[in-house]
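Student: Protein chains in written order, with the numbering used here: chain W, 1 to 116; chain V, 1 to 111.
Derived from the structure by calculation, the hints contain no laboratory data.
For glycine and all other residues, C-beta sits at the position ideal for the given N, C-alpha and C.
Among these hints, one or two may not hold up.
To be verified - Okay, derived cross-link-like pairs now, DSS-like style, lysine-lysine, Cα gap no bigger than 27 angstroms in a straight line:
#1 V/Lys42 to V/Lys98
#2 W/Lys22 to W/Lys36
#3 V/Lys67 to W/Lys19
#4 W/Lys19 to V/Lys42
#5 W/Lys40 to V/Lys2
#6 V/Lys2 to V/Lys67
#7 V/Lys67 to W/Lys22
#8 V/Lys98 to W/Lys41
#9 W/Lys22 to W/Lys40
#10 W/Lys36 to W/Lys19
#11 V/Lys98 to V/Lys56
#12 W/Lys18 to W/Lys41
#13 W/Lys19 to V/Lys56
#14 V/Lys2 to V/Lys56
#15 V/Lys98 to V/Lys67
#16 W/Lys36 to V/Lys2
#17 V/Lys56 to W/Lys18
#18 W/Lys18 to W/Lys36
#19 W/Lys41 to V/Lys42
#20 V/Lys98 to W/Lys36
#21 W/Lys41 to W/Lys19
#22 V/Lys2 to W/Lys41
#23 W/Lys19 to V/Lys2
#24 V/Lys42 to W/Lys22
Claimed, not checked - Computed, partial: chain V to chain W, Cβ under 8 angstroms:
#25 Tyr39
#26 Ile47
#27 Tyr71
#28 Leu75
#29 Gly102
#30 Ser106
As the list claims (entries may be wrong) - Every beta carbon over 12 angstroms from chain W, so not counted as near; a handful from chain V, in silico:
#31 Gly16
#32 Asn22
#33 Glu45
#34 Lys67
#35 Ala68
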Amino acid sequence: ETGVTQTPRHLVMGMTNKKSLKCEQHLGHNAMYWYKQSAKKPLELMFVYSLEERVENNSVPSRFSPECPNSSHLFLHLHTLQPEDSALYLCASSQGTGSSGANVLTFGAGSRLTVL
Amino acid sequence: QKEVEQNSGPLSVPEGAIASLNCTYSDRGSQSFFWYRQYSGKSPELIMFIYSNGDKEDGRFTAQLNKASQYVSLLIRDSQPSDSATYLCAGNAGNNRKLIWGLGTSLAVNP
Numbered sequence: 001e002t003g004v005t006q007t008p009r010h011l012v013m014g015m016t017n018k019k020s021l022k023c024e025q026h027l028g029h030n031a032m033y034w035y036k037q038s039a040k041k042p043l044e045l046m047f048v049y050s051l052e053e054r055v056e057n058n059s060v061p062s063r064f065s066p067e068c069p070n071s072s073h074l075f076l077h078l079h080t081l082q083p084e085d086s087a088l089y090l091c092a093s094s095q096g097t098g099s100s101g102a103n104v105l106t107f108g109a110g111s112r113l114t115v116l
Numbered sequence: 001q002k003e004v005e006q007n008s009g010p011l012s013v014p015e016g017a018i019a020s021l022n023c024t025y026s027d028r029g030s031q032s033f034f035w036y037r038q039y040s041g042k043s044p045e046l047i048m049f050i051y052s053n054g055d056k057e058d059g060r061f062t063a064q065l066n067k068a069s070q071y072v073s074l075l076i077r078d079s080q081p082s083d084s085a086t087y088l089c090a091g092n093a094g095n096n097r098k099l100i101w102g103l104g105t106s107l108a109v110n111p
């Protein structure tokens with residue numbers, strides 16, 4: 001495996017379900033991110049983990065719960081979602097602490113989530 | 001509200017022409033700017049970043065930054081049909097790990 005891998009690629013869930021998205025990076029990077037991409041909206045940063053510590057949490061509803069057990073793995077736990085949460089969820093990683101290096105993101109292929 | 005604005009397009013150019021993609025930003029504190037390309041159904045991938053005023057060239061791509069005018073552009077020379085994608089402009093928000101993204105410009109290169 002190379003780069004950033006995300007599973008599952010597609011997920012359909014009801015509003016009462018609990019599911020998790022998984023991300024794994026094989027690049028030796030020190031930061032990992034969750035982004036949400038919806039139609040006609042800019043990419044929305046949800047969470048950032050740097051060296052396994054959450055450093056950014058952009059007022060995301062508590063029904064989204066991130067987990068970063070180590071520098072290579074990132075999860076997004078989903079619980080009682082709403083239909084408006086349907087979107088493409090992108091995981092990314094980066095290396096470096098300067099503003100340039102830190103923002104050179106490698107994205108995974110994304111998890112397409114549909115909430116019924 | 002910090003914003004990055006792009007013309008959503010679609011921008012249509014003939015094969016071999018120069019495609020010019022533009023981006024303006026509202027936050028004067030932004031220091032670095034990034035161009036990502038996103039093919040339909042795929043995830044974004046970095047093309048270039050720029051943090052100094054002026055031009056930065058990489059192959060067929062040139063990024064231009066004018067901090068006084070708060071303007072960033074991406075020029076694609078000798079455009080190819082494989083360049084057809086959505087181009088996302090992003091600026092860092094003064095926070096090392098946070099980017100402010102534009103909506104993207106859709107580019108179509110016609111054979």
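Student: Output the numbers, in ascending order, of every earlier hint that fails for this structure.
Tutor: 3, 7, 13, 17, 23, 25, 26, 27, 28, 30, 33
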